[in-house]
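Visitor: The residues making up each chain are set out below.
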Amino acid sequence: MSLPDRRCALLPALALVVLTAACGGGSEDADATAADTIPVAASDDSCDVEATELAAGTHEFEVTNGGSKVTEFYVYAEGDRVMAEVENIAPGLSRPLLVELPAGQYEAACKPGMIGDGIRSPLTVTGESTQLSEDESLARAAQDYQRYVQSQTTALTEQTTAFVEAVKAGDIERAKALFPVARTYWERIEPVAEIFGDLDPRIDGREGDQAEGEDFTGYHRIEKALWETGDVSDMGPYADQLLTDVEEIVALANETTLDPLQLANGAKALLDEVATGKITGEEDRYSHTDLWDFAANLEGSQAAVQALRPYLEEADPDLVAEIDERFASTEAELEKHRSGDGWLLHDQLSQEQLKALSDSVTALTESVSQVAAVVADR
Amino acid sequence: MSTQQDSAQPEQQPPAGVSRRRLFGWLGAGTAGVLAAGATGGLIGRSTLETASSSGPGPDDAVEFTGRHQAGIVTPAQDHLHFVAFDVATDSRADLVEMLKAWTGAARRMTAGRDAGPVGAVDGEQYAPPDDTGEAIGLPASGLTLTIGFGPTLFAAADGIDRFGLAARRPAPLTALPSFAGDQIDPAISGGDLCIQACANDPQVAVHAVRNLVRLGAGVVSVRWSQLGFGRTSSTSTGQATPRNLFGFKDGTNNLKAENSAALERFVWVGTGDSGADWLAGGSYLVTRRIRMLVWPWDTSSLDEQERTIGRTKGDGAPLGQRREFDPVDFTRQTDGEFAIPETSHVFLANPANSGTAILRRGYSFVDGSDGLGRLDAGLFFIAYQRDPATGFVQVQKNLRLDTMSEYIRHTSSAVFACPPGVQGDGDWWGRSLFEG
Numbered sequence: 001m002s003l004p005d006r007r008c009a010l011l012p013a014l015a016l017v018v019l020t021a022a023c024g025g026g027s028e029d030a031d032a033t034a035a036d037t038i039p040v041a042a043s044d045d046s047c048d049v050e051a052t053e054l055a056a057g058t059h060e061f062e063v064t065n066g067g068s069k070v071t072e073f074y075v076y077a078e079g080d081r082v083m084a085e086v087e088n089i090a091p092g093l094s095r096p097l098l099v100e101l102p103a104g105q106y107e108a109a110c111k112p113g114m115i116g117d118g119i120r121s122p123l124t125v126t127g128e129s130t131q132l133s134e135d136e137s138l139a140r141a142a143q144d145y146q147r148y149v150q151s152q153t154t155a156l157t158e159q160t161t162a163f164v165e166a167v168k169a170g171d172i173e174r175a176k177a178l179f180p181v182a183r184t185y186w187e188r189i190e191p192v193a194e195i196f197g198d199l200d201p202r203i204d205g206r207e208g209d210q211a212e213g214e215d216f217t218g219y220h221r222i223e224k225a226l227w228e229t230g231d232v233s234d235m236g237p238y239a240d241q242l243l244t245d246v247e248e249i250v251a252l253a254n255e256t257t258l259d260p261l262q263l264a265n266g267a268k269a270l271l272d273e274v275a276t277g278k279i280t281g282e283e284d285r286y287s288h289t290d291l292w293d294f295a296a297n298l299e300g301s302q303a304a305v306q307a308l309r310p311y312l313e314e315a316d317p318d319l320v321a322e323i324d325e326r327f328a329s330t331e332a333e334l335e336k337h338r339s340g341d342g343w344l345l346h347d348q349l350s351q352e353q354l355k356a357l358s359d360s361v362t363a364l365t366e367s368v369s370q371v372a373a374v375v376a377d378r
Numbered sequence: 001m002s003t004q005q006d007s008a009q010p011e012q013q014p015p016a017g018v019s020r021r022r023l024f025g026w027l028g029a030g031t032a033g034v035l036a037a038g039a040t041g042g043l044i045g046r047s048t049l050e051t052a053s054s055s056g057p058g059p060d061d062a063v064e065f066t067g068r069h070q071a072g073i074v075t076p077a078q079d080h081l082h083f084v085a086f087d088v089a090t091d092s093r094a095d096l097v098e099m100l101k102a103w104t105g106a107a108r109r110m111t112a113g114r115d116a117g118p119v120g121a122v123d124g125e126q127y128a129p130p131d132d133t134g135e136a137i138g139l140p141a142s143g144l145t146l147t148i149g150f151g152p153t154l155f156a157a158a159d160g161i162d163r164f165g166l167a168a169r170r171p172a173p174l175t176a177l178p179s180f181a182g183d184q185i186d187p188a189i190s191g192g193d194l195c196i197q198a199c200a201n202d203p204q205v206a207v208h209a210v211r212n213l214v215r216l217g218a219g220v221v222s223v224r225w226s227q228l229g230f231g232r233t234s235s236t237s238t239g240q241a242t243p244r245n246l247f248g249f250k251d252g253t254n255n256l257k258a259e260n261s262a263a264l265e266r267f268v269w270v271g272t273g274d275s276g277a278d279w280l281a282g283g284s285y286l287v288t289r290r291i292r293m294l295v296w297p298w299d300t301s302s303l304d305e306q307e308r309t310i311g312r313t314k315g316d317g318a319p320l321g322q323r324r325e326f327d328p329v330d331f332t333r334q335t336d337g338e339f340a341i342p343e344t345s346h347v348f349l350a351n352p353a354n355s356g357t358a359i360l361r362r363g364y365s366f367v368d369g370s371d372g373l374g375r376l377d378a379g380l381f382f383i384a385y386q387r388d389p390a391t392g393f394v395q396v397q398k399n400l401r402l403d404t405m406s407e408y409i410r411h412t413s414s415a416v417f418a419c420p421p422g423v424q425g426d427g428d429w430w431g432r433s434l435f436e437g
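Note that the protein sequences, when read in sequence, are chains A and B.
As numbered in our numbering, the first sequence has no gaps in its residue numbers, which increase by one up to the final residue, 378.
As numbered in our numbering, the second sequence has no gaps in its residue numbers, which increase by one up to the final residue, 437.
Worth flagging that the hints you see were computed from the coordinates, not collected in a lab.
Any given hint could be a false lead.
[To be verified] Ranges between beta-carbon positions, derived for each pair:
1) E247(A) x L373(B): 53 to 63 Å
2) D371(B) x E212(A): 28 to 38 Å
3) D371(B) x D347(A): 19 to 29 Å
4) P187(B) x D347(A): 41 to 51 Å
5) D371(B) x R120(A): 47 to 57 Å
6) T391(B) x P317(A): 30 to 40 Å
[Said to hold, decoys possible] Some chain A residues flagged as far from chain B (calculated, every beta-carbon gap over 10 Å):
7) G116
8) E207
9) D259
10) E313
Even glycine gets a Cβ: it sits at the ideal position worked out from N, Cα and C.
All chains, full assembly: derive it from the sequences and hints.
Guide: Given below as structure tokens:
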């Protein structure tokens, strides 16, 4: 693929502050207006985007899920840099996605079942482009990532609500099925969540991590009941508390813009999560659904790094190439453990398979750990 | 650390603050090192300084990294070992070569007592991960040697695939060792595509070196297994006193020694007419065996039983029937109508006179915790260098089939590697003769 031009019209620095979706960003409620509406017909095994060539500018995609699985729709620039995304499109539903695309090569992708590389098709955007300054690139990275966080938090709230309802209704099977799905949205953006002091441990703490006098609460408390005893009759208060805590953290996260250094460190922190919690099977010790979290951490890390991509490509193109290669090889290693629309359970993997995953994450972490200094150099 | 190397490698010239040895100054290797060590009293309490050539640098000093042969083979054995075997995780020959070059640069620096990376543990950017892990800050070079070896699986994987286009360059002797009577080999801690032997007089320096090489290898190699050793069990120089292994006996009295260059040429170094000599001449084959010692039955056996098992006295290490350690081993000598050295003793069977060959031993004691049954998991991490494994370790080991010592030991891991000749000059790197030759 040729290098896409990811830059948009040169904007006065002040305008960047108030701009949310007018340049390289997508949002469902942006002020910008689209030149057209491009239907996307998504199903369980197809993703028909009506246009393959677009003029540079703002476009609206209307994604209709005609399949039987929940789907997602992404517009990627090179390196799977997320230009815009819409999450959690239930079967039968349509969702709009507004995105401003500078000239370049992109890919549109539907992700039925919400995992994997998705069904992709090329998207060529022609027209003029202007180069952003380094400062503008970094400001854009922070905005792009904030948009990503907002789309994840929307889905996180929706899926956690569904999970909590299933728990309270005593629907064990449905709750078990929703558990790794709701957590996917959590794990993608955990570096943001971790900023907010005691909320993260309340939502995602593991048994034994609590201070004396603190209760064991959150996803893992309910996970334990679902998988260990199969009895969630006393989980109602924990379920309610989980949703309250998630809504609170979502509100805080949506108001937060990470600076570029936080983005870089967050990308590395997510990989550390994989190395210390997921490969070891510590995270989901009752359900063993650690590979869902693994995939989500990896996606979240990639989203944070790729938001910085336009800047990094100028500052350290060799590092970008190495990061691309190592994300790809980690994804390929993980992909070996796909099982239908989900992943094999942690305890179904051999030591050798876990070692191969660990090796690829170790290499990726070495590369991603170099990003912060490149950003700080600015 | 030779000043020649420093001046010829400007990119490695550290700012004054980078040297870990700031407190120790720039002690030279070779003659200068001996003088310096003498001046600082570095050798007090150690072996006698019989000759300058055999004593080498003091325990804190740097050992020259470059040379015709790799350091760490005939270098007087240091006190501590960290050995690590790797699998190559990539199919990219270019990535492997790039890593070997990076390793060579780090090895040059670390063996000179400097940080692993050109920047250093604490002199880099605040937001960048340091290019050295830092645990050797303030420590001297400590005689660190780093020795690399290439395993048979580098040349062709177990499935026969030639990942790096090296199959045609595999020397005939570089094949997995045969199995021997009584072997209890665990494949998970055996073999490997590459190995690094790190020896130093400070265990932290050896561990630091391995850790930083492992880190540099991320994405290219993966640690397959590793082994710590805490006490040398062989002397490889006449200037060293013979140490004891965990059986409590002196070990390596009759070892090949650095000073016996004719024997080294014959038994240790790959010669110019040998298989694979185009890249391996001046190198050597490395065999490792993790030998667990069953110390509980050993410790409860009588002194007589122990001495007859080994073939030497426990106190002085003299051959049975003789009085002093270095008295000649005399297999004809009789005591009370019986051969003084039993024909099933380790000395009888392993002695060059009876095995018909010689190897350079360089092993270390280990204690890897306990075995869950209340017993120490202890033993000898055996390391031997030879010109050809078939006429070296394999021949010796086959001869040990009737060794009564077998009752007290179990071989639990096995590996063989071809160690290339030494890195020579500033542009050279580990494995260049193999990959570019």
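Visitor: Any of the earlier hints contradicted here, and which numbers?
Guide: 4 and 6
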